[in-house]
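2 protein chains.
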Amino acid sequence: MAAQPTETLNAQLMDGTAVARRIVERTAARAAALTERTGATPCLATVLVGEDPASVTYVRMKRNRCEKAGIRSLHVPLPAGTTTEELVAKLTELSADPEVHGILLQHPCGEHIDERAAFEAIAPEKDVDGVTMRSFAAMGFALPGFASCTPGGIMRLLDAYDVDPTGKRAVVVGRSAILGKPVGMMLLARDATVTYCHSRTQDLSSLVREADILVAAVGRPEFIRGADIKPGAVVIDAGYNAGNVGDVEFAAAAERASLITPVPGGVGPMTIAVLLEQTLDAAERQLGAASA
Amino acid sequence: MAAQPTETLNAQLMDGTAVARRIVERTAARAAALTERTGATPCLATVLVGEDPASVTYVRMKRNRCEKAGIRSLHVPLPAGTTTEELVAKLTELSADPEVHGILLQHPCGEHIDERAAFEAIAPEKDVDGVTMRSFAAMGFALPGFASCTPGGIMRLLDAYDVDPTGKRAVVVGRSAILGKPVGMMLLARDATVTYCHSRTQDLSSLVREADILVAAVGRPEFIRGADIKPGAVVIDAGYNAGNVGDVEFAAAAERASLITPVPGGVGPMTIAVLLEQTLDAAERQLGAASA
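These protein sequence lines map, in sequence, to chains X and E. Under the numbering used here, the residues of the first sequence are numbered 90 to 381, in order. Under the numbering used here, the residues of the second sequence are numbered 90 to 381, in order.
Isolated chain X (complex conformation) (with noise of 0.2 Å):
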């Protein structure tokens, strides 16, 4: 016989598309039984400010998946002059309001609106999209608290695909307040090596080859070269640009990575899902009723 050709090393996709339907399964089953013994449903508030169209479709998204689950969405929609100050106090009432459990507010809120905020005013036990402070600190010491939902749904998959993080090399591009800081604080809670890499980064390349575990969150098409993925590499992609393009240019990169998650129906769908089964964890705190 012939010799055969080296095969291409070619990635297992990271089906994010069907772990996350695991979760709202779960998740759904759970609401349910929730709402079976306390007569009370879920309640997921979801503040929009203004109609920006893109924002006005992940609200949208967000609430046909709740009401799917069987978690109610309490639409807040605000007109685009809202001040901080009436956001704040709306936010504010939603967190008293012993019928909502989880508060969603849909970001960016525009120019005129001090974010920072508007996220403190969301009660820690209802800040189910984790973006306040707390969350953020509860991630960092890996102590009890809500993940922001993209890092959430990113550990959600590893675990998924059986990829322990312990004493890997593992490069977070990017580092925003809900995604790169976030992401690489739950890695190091995992006993990853975590380097945060950004717009001021030196020679992105070299540190991109060293990666077993790339997260790349920096929101450029194809931003990421697959000539520097490391061989075996993990890599995942939360880059959701126009075109339904990632950060990462996937071709070349899944030839080389053992594990990538294609965009759209990798990262996407965790994010979402992770928000419902927080809500859910909310609700059943409050509630009184968390199943043992």
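Everything labelled a hint here was simulated from the structure, so no lab data went into it.
Per label pair, the in silico range of CB-to-CB distance:
#1 E:P233 x X:A178: 16 to 26 Å
#2 X:A169 x E:P233: 21 to 31 Å
#3 X:H164 x E:S265: 41 to 51 Å
#4 X:E156 x E:Y250: 53 to 63 Å
#5 X:P213 x E:A178: 16 to 26 Å
#6 E:L102 x X:P353: 46 to 56 Å
#7 E:L102 x X:A340: 51 to 61 Å
Facing chain E, a subset of chain X residues (Cβ under 7 Å, in silico):
#8 F225
#9 D280
#10 Q291
Using N, Cα and C, we set each Cβ at its ideal position, and we do this for glycine too.
Fit chain E to the given chain X structure using the hints.
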């Protein structure tokens, strides 16, 4: 003339004692001015559970420095058998006391105390030791707030020696809640490319060799080998082990580094200076008499 022998590269010492003295002098001047303007004396409450000799010494040292800087120290010694609830109650009381502007809880407090619960009982505006979750998140997000004192002192020392972290490879060895984690966040906020290493890190030597700025914070004597220091690196030794030994092999490291902190006399004095300065920041704000 005969050729001169190649000169050994000798690092400049980062004189924490001198830099700290300048900070304390400025703080003392501000304290005097504040007292003259308001009639009130800035006050740091020092809470100590039990009589661990090292803790007793640390608290006494901090109180002495306070007095010399014109800051009153209100000492609150509690018996070794104090419960978490009693400690939380005392910290809550001090948080509400208008004559107390800053609170230091000396730790470790003992195995039986839930230290996190205790820290969180400190009002954020009095957390001059930078131990609360809110203070950590403020460091993570580069928001206004109090720094953990040792990380804050390290950043001040870098500034004093004109070390700009932008674009530099910073390697932090150690990931404690009050040292490794926050100093990494502060370096990241200053645009360094930050890698967190720890007990589960593999091939630590090769990571140390890449560090333009190395922060050693593990508490193991001479754990970092001098031979691994990158020529020209800035070496911050935040370790303090028995016999005045740091976490870095000092002599060998000093041959390669451009700047290095001695132990003692490097990071240690900076920690107390930042504690005093932040107590003044807190007092000025609470007394409504901040200098323009």
